[in-house]
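Chemist: Working from the sequences, and respecting the hints, build out all of it.
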Amino acid sequence: MAEQPLAGKKVAILAADMFERVELEEPRRALEKAGAKAEIVSIHDGEIQGFDHFEPKNKVKVDKTVAEVSVDDYDALFIPGGVGNPDQLRGDENAVNFVREFVESKKPLAVICHGPWVLIEAGAARGRTLTSWPTLQTDIRNAGGNWVDQEVIVDEGIVTSRMPDDIPAFNKKMIEEFSEGRHEARKKAADATL
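The opening residue of the sequence shown carries number 1 in my numbering; numbering runs sequentially from there.
Hints are computed from structural coordinates only; laboratory data are not their basis.
From a predicted model like this one, the values you see are computed outputs, not experimental measurements.
The reader is advised that the hints may include incorrect statements.
Subject to a maximum C-alpha distance of 25 Å in a straight line, what follows is the list of computed DMTMM-like cross-link-like pairs (lysine to aspartate or glutamate) [unchecked claim]:
1) 59 <-> 93
2) 57 <-> 165
3) 173 <-> 151
Derived CB-CB ranges, DEER-like [what the hints assert, rightly or not]:
4) 101 <-> 165: 29 to 37 Å
5) 91 <-> 176: 26 to 34 Å
6) 138 <-> 72: 20 to 28 Å
7) 106 <-> 59: 28 to 36 Å
8) 104 <-> 54: 12 to 20 Å
9) 148 <-> 172: 13 to 21 Å
10) 141 <-> 37: 32 to 40 Å
11) 146 <-> 4: 30 to 38 Å
12) 104 <-> 141: 17 to 25 Å
13) 87 <-> 144: 14 to 22 Å
14) 45 <-> 138: 32 to 40 Å
15) 97 <-> 187: 15 to 23 Å
Even for Gly, the Cβ is constructed at its ideal location relative to N, Cα and C.
Modeler: So, in structure tokens, the structure goes:
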């Protein structure tokens, strides 16, 4: 069982068009290798377009729309980066509510690169130490969070990382936190308007 610490766990990968390809594909492979069933959840059905920075690359099939799923369907949530991906997600009420409910459920989350924009929109940055792509540091601070420049940060079961170079450390911490399950001491998501 040690080789597959996530056996029997189901993980939602919340993503939209313009996700950073490597930030979805490599963590997804790591989750599946660890035994998890990973499903792509998006704001629309069909396929979503991946990018390598500004170049369109692979498309990924959507398993379910965020309007069709519930936090109760999953043990953990992973949000990849890319500039356009989290920007679309934070503009979708169902996606934001899904993330907020995940935070309040105390289930683990892993978010990389520009992904913390969705945490901010869900009111989940306030009072937490997070990292991200460096251009989000002002956004995180303005939302009441503490931004730090480290390859991976864990705050009450919420794992964040900065960029593709951090993926090995990110994957290791994500699998560790996802295998631990709920973090009962986690603070609730703050009102996003505060």
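Chemist: Which of the numbered hints are not met once you compare them with the structure shown?
Modeler: 6 and 8
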